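Chemist: Next come the chains, spelled out residue by residue.
2 protein chains.
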Amino acid sequence: MMRLKLYSAAQNSAGERVRIALNLKGLEFEYVPVSKTTSPDYILRNPQALMPTLEVDDVNITQSLAAIEYLEDRFPNPTLLPADPVLKAHSRSFALAVCAELHALTVRRVRKYLLADMKVGEAKVDAWYARWTHVTLSALETRLADRQSETEFCFADFPTLADIALVPQLANARRFKCDLSGFPIMREIEARCAVLPAFVKARPEKQIDYKP
Amino acid sequence: MMRLKLYSAAQNSAGERVRIALNLKGLEFEYVPVSKTTSPDYILRNPQALMPTLEVDDVNITQSLAAIEYLEDRFPNPTLLPADPVLKAHSRSFALAVCAELHALTVRRVRKYLLADMKVGEAKVDAWYARWTHVTLSALETRLADRQSETEFCFADFPTLADIALVPQLANARRFKCDLSGFPIMREIEARCAVLPAFVKARPEKQIDYKP
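These protein sequence lines map, in sequence, to chains F and U. If you read the first sequence in my numbering, its first letter stands for residue 2, the second for the next number, and so on. If you read the second sequence in my numbering, its first letter stands for residue 2, the second for the next number, and so on.
Isolated chain F, as found in the complex (with noise of 0.2 Å):
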């Protein structure tokens, strides 16, 4: 039996994806909650000092999307991933806009070195928080419109990895109060997620960590 654990925290929402990943392949982990993710121990395991790593008996899984894969691969039922190769690349697709072109843009490192370094002020970063997102969601809401055909969730009627990465990134634009209004078919699929055991164990407020 392999040993899965997932080094994490409860507001890390790439870590929040994998959560969701396991929680939908009914695999068992023990969660471990990070506070300072630029520890030496920390960095041993993940050498960016970014959040989460998958620990598998003694290696260590970074980057998230990398994670589920991993899973996928090693635990394939059930899939996380539509078996129709072209709706499998759309779901893909999806997952990386989120995680390349909004996530990776507006986490808390880069909103810091926008503060703190080059010192733009709070507007400016609450600015260039609402852009990323209104951009890449406003993109992903279209290419969710010009689906050939309506699924329950994003590409699939089960949720795959454009739905595991979009439900926490969601939350995240409400954090920071995004207008969320032009995403009529964004929210749709979001609240059949939160319906779901899977998405709501992965929750932050249902992680030990949690602080609101």
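Don't read these hints as lab results, they were simulated from the structure. Where hints are given, some of them may not hold.
Since the list gives no way to pick one copy over another, a pair counts as held whenever it fits inside one copy or between any two copies.
[Said to hold, decoys possible] Once the Cα atoms are required to be at most 30 Å apart in a straight line, the calculated DSSO-like pairs of lysine-lysine come out as:
| id | residue 1 | residue 2 |
| --- | --- | --- |
| 1 | K120 | K178 |
| 2 | K202 | K125 |
| 3 | K178 | K113 |
| 4 | K26 | K207 |
| 5 | K26 | K178 |
| 6 | K113 | K125 |
| 7 | K37 | K207 |
| 8 | K178 | K125 |
| 9 | K125 | K6 |
Just so it is clear, the structure is predicted and the values come from calculations on it, not from any experiment.
With chain F's structure known, arrange chain U on it following the hints.
Modeler: This is chain U only, laid out in the frame that chain F set:
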């Protein structure tokens, strides 16, 4: 026979990744230079208005890593991922770090927003570029130094997703005069890639739309 078209531009390094992957797999494709990603025609293919887009028959696949995984699914030989599941995860993780934490933060539209909208000045944009390049490449060099066994390329004795992401990004870093002297393992791997026809043919200066 499948018809493959790649919408990209000579100096679009995300597109260069897909060109390398197509070449490594020995696939014929039509290269379509994109002059304006915000044109109504292109937006229909790629709502994010980003390059590249891989057109497969009548379907548009966006996001370079999703396009390469699609090619891997449909044309598994030669593979662009290590066979071992852990090394496969490391290769994907490495590529994701390049794409999300380095490339996505330093692309032209982000630099343009910093300069034109946030008005931070050119010196701070240069510092921004150097900062994320240094932070991410340092972590990735450590990652390579920590490998259990030294392979010819990042995570195998043949080029995989990690190498495909690395090579165009190092070229970008040089174009922006970032100091790469602290990354000997990467530079050695880059030199091995540089002589392979698949990488040579994908270089910006080999494309019909290249302008020095």
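Chemist: Next step is simple, just say for each hint if it's right about the structure.
Modeler: Hints versus structure:
1. Taking the closest pair of Cα atoms, K120 and K178 come within 30 Å of each other both inside a single copy (22 Å) and across two copies (24 Å).
2. In this assembly of identical chains, K202 and K125 lie within 30 Å of each other by CA distance neither inside one copy nor across copies; the values are 34 Å within and 42 Å between.
3. Taking the shortest alpha-carbon separations for K178 and K113, both the intra-copy value of 18 Å and the inter-copy value of 25 Å come in at or below 30 Å.
4. Taking the shortest Cα distances, K26 and K207 sit within 30 Å of each other inside one copy (18 Å), while across copies they are farther apart (45 Å).
5. With identical chains, the CA atoms of K26 and K178 are never at most 30 Å apart, being 32 Å at best within one copy and 46 Å at best between copies.
6. For the homomeric pair K113 and K125, the shortest alpha-carbon distances inside one copy (12 Å) and between copies (15 Å) are both at most 30 Å.
7. Taking CA atoms no more than 30 Å apart as the test, K37 paired with K207 passes inside one copy only; the shortest distance there is 20 Å, against 46 Å between copies.
8. In this homomeric assembly, K178 and K125 come within 30 Å of each other (Cα to Cα) both inside a single copy, at 15 Å, and across copies, at 28 Å.
9. Proximity of K125 and K6 under a CA criterion of 30 Å is satisfied in neither setting, with 38 Å inside one chain copy and 40 Å between copies.
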